[in-house]
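Going down the list, the sequences are from chains A and B. Counted from 1, the first sequence has number 338 at position 339 by numbering that gives the first Met the number 0; the numbering is strictly sequential. Counted from 1, the second sequence has number 1 at position 2 by numbering that gives the first Met the number 0; the numbering is strictly sequential.
Derived by calculation from the structure, the hints in this document are not laboratory data. The reader is advised that the hints may include incorrect statements.
Said to hold, decoys possible - Under the rule of at most 30 Å between Cα atoms (straight-line distance), these lysine-lysine pairs were calculated in the DSBU-like manner: (1) Lys-148(B) x Lys-127(B); (2) Lys-127(B) x Lys-423(A); (3) Lys-542(A) x Lys-566(A); (4) Lys-420(A) x Lys-148(B); (5) Lys-19(B) x Lys-9(A); (6) Lys-9(A) x Lys-155(B); (7) Lys-9(A) x Lys-166(A); (8) Lys-430(A) x Lys-148(B); (9) Lys-614(A) x Lys-563(A); (10) Lys-415(A) x Lys-9(A).
Quick caveat: nothing in here was measured; it's all calculated off a predicted structure.
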Amino acid sequence: MRTELNLIGKPVSRHDAWAKAKGDQLFSDDWSMPGMLFGKVLRSKYPAAVLKRIDTKKAEELPGVKAVLTAKDVPVNEDVTKFGQMRDVGGGFEGLYRVLASGRIRSKSEAIALVAAESPETAEEALKLIEVDYEVLEGVFDPREALKEGAYSVTGDGCGNVIMRTKICDGNIEEAFKKCDVIVENDYETTPNEHAYLETEGGMGWIDENGVITLRVGTQVLEHYRTIAKVLGLPHNKVRNIGVPVGGGFGGKEDITVEMYIALLVQKTGRPVKMVWSREESIESHSKRHPEYLHYKTGATKDGKILAQEVSIVMDGGSYTYLTPWVQMYSTFAAPGCYKIPNVSVKSVSAFTNNTFNSANRGFGAPQVNFASERQMDEIAARLNLDPVELRRRNVLHDGDRLPSGHVPRGHIALKELLDKVNKELNRSSKPDRLPDGRKVGRALALGHMVYGRLNFLHDSSRVSIRLELDGSVTLRAGVPDLGGGQASVLAQIVAEELGLEIEDVHPYIMDTHLTPLCGTTTATRQLYMSGNAALKAAVQMKEKILEKASALSGCPVNMLALKNRKVYSVIEPETISIPFVDVIKHLSNDGEVLENIAQFNAPFTEVPDLNDIKGELNPDITYTCHGVELAVDEQTGKIELLRVIAAADAGRVINRNSCEGQLEGGCVYHAWWPTMEDLKQENGITMANSFSTYLIPTAADVPDIESILIESGGGLGPYGAKGIGEPADNSIAPAVVNAIRDAIGVGFNKMTVTPEKILNAVLSFKNKE
Amino acid sequence: MSVHDITLTVNGRKVRLTVKSNELLLNVLRDRLLLTGAKYGCGIGECGACTVLHGRECVLSCFIPAVCADGWEITTAEGLSKDGKLSVVQQAYVDKAAIQCGFCTPGMVIASTALLYENPEPDEAEIKDYFRGNYCRCTGYAAMIEAVKVAAMRMKERGCDDEEL
Numbered sequence: 000m001r002t003e004l005n006l007i008g009k010p011v012s013r014h015d016a017w018a019k020a021k022g023d024q025l026f027s028d029d030w031s032m033p034g035m036l037f038g039k040v041l042r043s044k045y046p047a048a049v050l051k052r053i054d055t056k057k058a059e060e061l062p063g064v065k066a067v068l069t070a071k072d073v074p075v076n077e078d079v080t081k082f083g084q085m086r087d088v089g090g091g092f093e094g095l096y097r098v099l100a101s102g103r104i105r106s107k108s109e110a111i112a113l114v115a116a117e118s119p120e121t122a123e124e125a126l127k128l129i130e131v132d133y134e135v136l137e138g139v140f141d142p143r144e145a146l147k148e149g150a151y152s153v154t155g156d157g158c159g160n161v162i163m164r165t166k167i168c169d170g171n172i173e174e175a176f177k178k179c180d181v182i183v184e185n186d187y188e189t190t191p192n193e194h195a196y197l198e199t200e201g202g203m204g205w206i207d208e209n210g211v212i213t214l215r216v217g218t219q220v221l222e223h224y225r226t227i228a229k230v231l232g233l234p235h236n237k238v239r240n241i242g243v244p245v246g247g248g249f250g251g252k253e254d255i256t257v258e259m260y261i262a263l264l265v266q267k268t269g270r271p272v273k274m275v276w277s278r279e280e281s282i283e284s285h286s287k288r289h290p291e292y293l294h295y296k297t298g299a300t301k302d303g304k305i306l307a308q309e310v311s312i313v314m315d316g317g318s319y320t321y322l323t324p325w326v327q328m329y330s331t332f333a334a335p336g337c338y339k340i341p342n343v344s345v346k347s348v349s350a351f352t353n354n355t356f357n358s359a360n361r362g363f364g365a366p367q368v369n370f371a372s373e374r375q376m377d378e379i380a381a382r383l384n385l386d387p388v389e390l391r392r393r394n395v396l397h398d399g400d401r402l403p404s405g406h407v408p409r410g411h412i413a414l415k416e417l418l419d420k421v422n423k424e425l426n427r428s429s430k431p432d433r434l435p436d437g438r439k440v441g442r443a444l445a446l447g448h449m450v451y452g453r454l455n456f457l458h459d460s461s462r463v464s465i466r467l468e469l470d471g472s473v474t475l476r477a478g479v480p481d482l483g484g485g486q487a488s489v490l491a492q493i494v495a496e497e498l499g500l501e502i503e504d505v506h507p508y509i510m511d512t513h514l515t516p517l518c519g520t521t522t523a524t525r526q527l528y529m530s531g532n533a534a535l536k537a538a539v540q541m542k543e544k545i546l547e548k549a550s551a552l553s554g555c556p557v558n559m560l561a562l563k564n565r566k567v568y569s570v571i572e573p574e575t576i577s578i579p580f581v582d583v584i585k586h587l588s589n590d591g592e593v594l595e596n597i598a599q600f601n602a603p604f605t606e607v608p609d610l611n612d613i614k615g616e617l618n619p620d621i622t623y624t625c626h627g628v629e630l631a632v633d634e635q636t637g638k639i640e641l642l643r644v645i646a647a648a649d650a651g652r653v654i655n656r657n658s659c660e661g662q663l664e665g666g667c668v669y670h671a672w673w674p675t676m677e678d679l680k681q682e683n684g685i686t687m688a689n690s691f692s693t694y695l696i697p698t699a700a701d702v703p704d705i706e707s708i709l710i711e712s713g714g715g716l717g718p719y720g721a722k723g724i725g726e727p728a729d730n731s732i733a734p735a736v737v738n739a740i741r742d743a744i745g746v747g748f749n750k751m752t753v754t755p756e757k758i759l760n761a762v763l764s765f766k767n768k769e
Numbered sequence: 000m001s002v003h004d005i006t007l008t009v010n011g012r013k014v015r016l017t018v019k020s021n022e023l024l025l026n027v028l029r030d031r032l033l034l035t036g037a038k039y040g041c042g043i044g045e046c047g048a049c050t051v052l053h054g055r056e057c058v059l060s061c062f063i064p065a066v067c068a069d070g071w072e073i074t075t076a077e078g079l080s081k082d083g084k085l086s087v088v089q090q091a092y093v094d095k096a097a098i099q100c101g102f103c104t105p106g107m108v109i110a111s112t113a114l115l116y117e118n119p120e121p122d123e124a125e126i127k128d129y130f131r132g133n134y135c136r137c138t139g140y141a142a143m144i145e146a147v148k149v150a151a152m153r154m155k156e157r158g159c160d161d162e163e164l
């Protein structure tokens, strides 16, 4: 019988918090082994070139060098990209994955050779001794250029640089524009931001006594072991990754990083090998958020009803396909924004360039279009001389509304509540429009919607196992990469809730490809939804068994029994019928019952849509957010200061309040300085800002008060009605910041990065105009 | 390359080492003393993941040649807890959920401890200012600032002197 929830929704300390506080938690770089070698990567000097010749002889002869590998040494150097999915999706979704460079080099970060040596210094020295001859080519660095007739061919196949084209249409856009009183058209540009996790990519590997290539590498996708096995020419059961807690991922550790190189060097040398990337190597080599060039044309009636929106998106995929087509699906889907618009056309195209490849970054294509669509709303409001909040209120999506693809979201749409709550909170401020020090104050908000759970056509699934121990404790096994969002701990919390235990009674053993059930990727804001449901299912099934046994022991019917406080008790006579949890387990064990249960949760399955006319449901559900910002602009220097941030989301149901608020706060800080400060300064394929002294991220001193508002509509598809929160948490803050700048100085910025110089120039020209 | 004999007191334990002149304090702590709490985050003193205490001040161990630390008393995050029990600051980090991925945490708890040595009752602005050198990409800092306030309050309530931090 269901009783009141004991643990769900509470602020619970995670099982790993104590070890992390003490500095005892071991990360990728914290492991070592006797006889360990150190691996290093030689990367291309040029973003566009042909590799003419590699001579590794001198490097191999350097004392202490144990292996130098180039493309010819890799058993299977080329494969198609896979991201842990268990289903072949084919089509335009799986691009070339090349381990080491051969032929045409597509970016400056491309790996050419691997070295393993007795010390990091020797490995570094050996890299310098590898002779590489390049034929330098012109390259192309802007996707709009790459799409032109006769543009430089990034792949060299002469088939153009298009990665994918796709389209969503609804209604009749041309006819609708004719009926509009105003039409607002703008171009927007977003920049490729850096994940900047504090832990750079690293890990180690060795061959175990039975010939299994064993890795200890932090990753968001344990299932890459299958690709590693294929590249090494081994069966899947001979490559194992014992993952380690990840020191931040945010999408940047979703693609294969060090694990492939380590595995190859281990296979070649037979020795343990460690590889850790420097900060510079990390920033230059791993993926970035796709820069997007967006054109928005929106038509509305004079009373503020939006009738038509036409969007075109050009995405920079960078050097290789990786996750570009998937990210593009998210961008295309989210482009119309949070509004009910009867006539919509979204066309998107992604292109190869010679920039570092672009792939997953928290938000996965949604923040770019959300920036543009929410900026566009404030521009339309200005044209109509209408309050931007009122314009949103008149057009926002409600329950039962269909999206342009025809999909009617399954869960509750809380956009209106979020809008009103944040607006109320924002206006509670009594700050004047000009501060005593002369700075101008701006206030604005933005809405956001982002899906959680992977694309339906990937046929996603997750598995979790629980085992009852004879002392009444529970062992939970789950191949869930924990990135710091509390992905593992929340599973223990769910199992403890269902079995009437305390959270410390359930210990999670996680992240081992061959000893824990595979949970799928920690991406797509899917772990609470997918593995949370799997854990819930496993626990509920086990609970039934426990209650049946307790019923047999007590004579009390199953439906009158409940689990709480480490006891099974009768809800009618709790004083007289009450059996300790541990006693029931002992009886189950004595009777030879299976004390272990693995359960699988499957997401809704659909087929790959027609990319020329996307219809139907792409992802299972959506998380809605709203961010409000109050900031001050110094008109003398162009400098902005955030004064207040209000971060609001419908979490469906909060499971661990600490973790949920942590995501809301961390998510909004992650993106609050994306439009104004975080700038990689990429110039012709070279990342100029490749350190923390040149790529600036916010410090505590930048961060204002953050007020979190969590709505719990109960309308999510996760356990207990939860929705995913990790990525949506960063989705609507960037447009809110830029809209607030507009509110302060009367100038709207559509292209990132909005630097103090640009603000100052805008202020000056605005004043001149006046 | 020249080598030097140095003496360090690390987490209350005296150690004698021979170090190369280019060997960094961070690498000595991690690779030779197996204290992996202090982390490599950037190698150029920008992120604070390598922060350790030198006496009562925090220093960036990725930035200091070990030979320059001769004679120093160093405390790493591992040295803050006593007999397995968390320090006041560490406990406040757990209680206020100021820990997500945990990679910056060792440096953060050290910086927080140094702040409370220097200023037992810091206000919010002082905490934020002190944290300028320590990056965190997960939490958004709010919970960490809260944790320092809670630690300071608990110290005051218990009438603890800062030896007990």
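* Among the hints numbered above, which are violated by the structure, and what are their numbers in rising order? -> Hint check: 5, 7, 9 fail, others pass.
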